[in-house]
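Student: Take the sequences, apply the hints, and build the full model.
2 protein chains.
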Amino acid sequence: MDDDTLIFTFFNEIGIVSQLSQAFLNRHLPDGLHSSHFATLNHLYRVGNGTTPLAIANAMQVTKATMTHTLAVLEKRELVEIRANPSDGRSKTVFLTPAGRAFRLAAIGDVTAAMATVASLFDRAALEASLPTLQRVRKILDAERAHRSGGD
Amino acid sequence: MDDDTLIFTFFNEIGIVSQLSQAFLNRHLPDGLHSSHFATLNHLYRVGNGTTPLAIANAMQVTKATMTHTLAVLEKRELVEIRANPSDGRSKTVFLTPAGRAFRLAAIGDVTAAMATVASLFDRAALEASLPTLQRVRKILDAERAHRSGGD
DNA sequence: ACCAAATAGTACGACATCGAACCAAAGTCA
DNA sequence: TGACTTTGGTTCGATGTCGTACTATTTGGT
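Sequence order for the protein chains is F and A. Reminder that position 89 of the first sequence reads as 89 in UniProt numbering, one-by-one numbering, no gaps. Reminder that position 103 of the second sequence reads as 103 in UniProt numbering, one-by-one numbering, no gaps.
I should point out that these hints are in silico values taken from the structure, not numbers from a laboratory. Hints may be right or wrong, so weigh each one.
Pulled a few chain A residues facing chain F out of the computed Cβ check, cut under 8 Å [unchecked claim]:
{"no.": "1", "residue": "7"}
{"no.": "2", "residue": "20"}
{"no.": "3", "residue": "105"}
{"no.": "4", "residue": "110"}
{"no.": "5", "residue": "112"}
{"no.": "6", "residue": "140"}
Covered, in the sense of this in silico footprint (three residues per stretch, anywhere, with C-beta under 8 Å from a C-beta of chain F), are these stretches of chain A [said to hold, decoys possible]:
{"no.": "7", "region": "65–71"}
{"no.": "8", "region": "85–91"}
{"no.": "9", "region": "129–138"}
Nothing here was measured: the structure is a model prediction, and the numbers come from that model. Ideal Cβ placement from N, Cα and C applies to all residues, glycine included.
Tutor: In structure tokens form, the structure reads like this:
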């Protein structure tokens, strides 16, 4: 298998696994929550409150337009609160509400429970071993994207 | 990191890499072709002609409704031809047209060229090493999905 | 042979995502 | 200070994907 084919195969597999895992999440998340909403809640929880929409969009690797939409959904459900950014009039800051925190916990519970049956089938060591590779690939693609859209 | 967290992290990383690679493809595929169309053309080329839409949908891990749409797009561009299935009145068969073949080659050329700059940054051995893991994960999720929707 | 259940594909409505165009606030530089 | 550029977010239109409901054909049991 030459390099190009390997790379195609690799990304093809990545794409399919991603689709399957997202489908899994979408099926098991409570109340019609979409995996992207879930990911955003988790990000807010991990990174902490007061982040700007753009920062979240970059972290999630979606466009800012998409993040506007995602945050609007979360805000309508009162899972996050969006305030003006005191240090920049163009910007906003995003906060997880208590309801958002609770919802995240509940969602994690549901997903974890649903995952219990399959989780045991995964080879923990193998997953752990491929993580650095994935992260490196992510960084490379990310840099390429930034470079493309930024300069050039 | 406990098992659940590892799995979450793993799928999160997979999702992001998938998004980035799809975005990369979408940016570099000619004539507004979407990565899913590209993947379908590649599948038809690899697996051979005369496959049914459902078989393609399963291989691509999308719903049959989605495949109906994808094939309609490809057919409108005359990259595939869809005929009745002689052995099953409900079914169809899909064929790559000469134009479809040519388009696929051109697309591969474009993408490969665009990828040349980043391809050298990938650690070939690492990608190769994580492929089996990805394939195993795919199989597990796939089986779970089939089980869920089929029985239960 | 007939009727029920399963199956392949389509139609429809909902929604996530994207790119491009746009607006408003900062920043920059003369 | 004032104009040009950059930057954070939103709006808009287009499109890919999904789930559900539906149609037509096939399969299977009696």
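Student: It remains to establish, for every hint, whether it holds in the given structure.
Tutor: Results for each hint:
no., hint, in the structure
1, 7, "holds (6 Å)"
2, 20, "holds (4 Å)"
3, 105, "violated (13 Å)"
4, 110, "violated (12 Å)"
5, 112, "holds (5 Å)"
6, 140, "holds (5 Å)"
7, 65–71, "violated (count 0)"
8, 85–91, "violated (count 0)"
9, 129–138, "holds (count 10)"
The structure fails to meet hints 3, 4, 7 and 8 from the earlier list, while all remaining hints are met.
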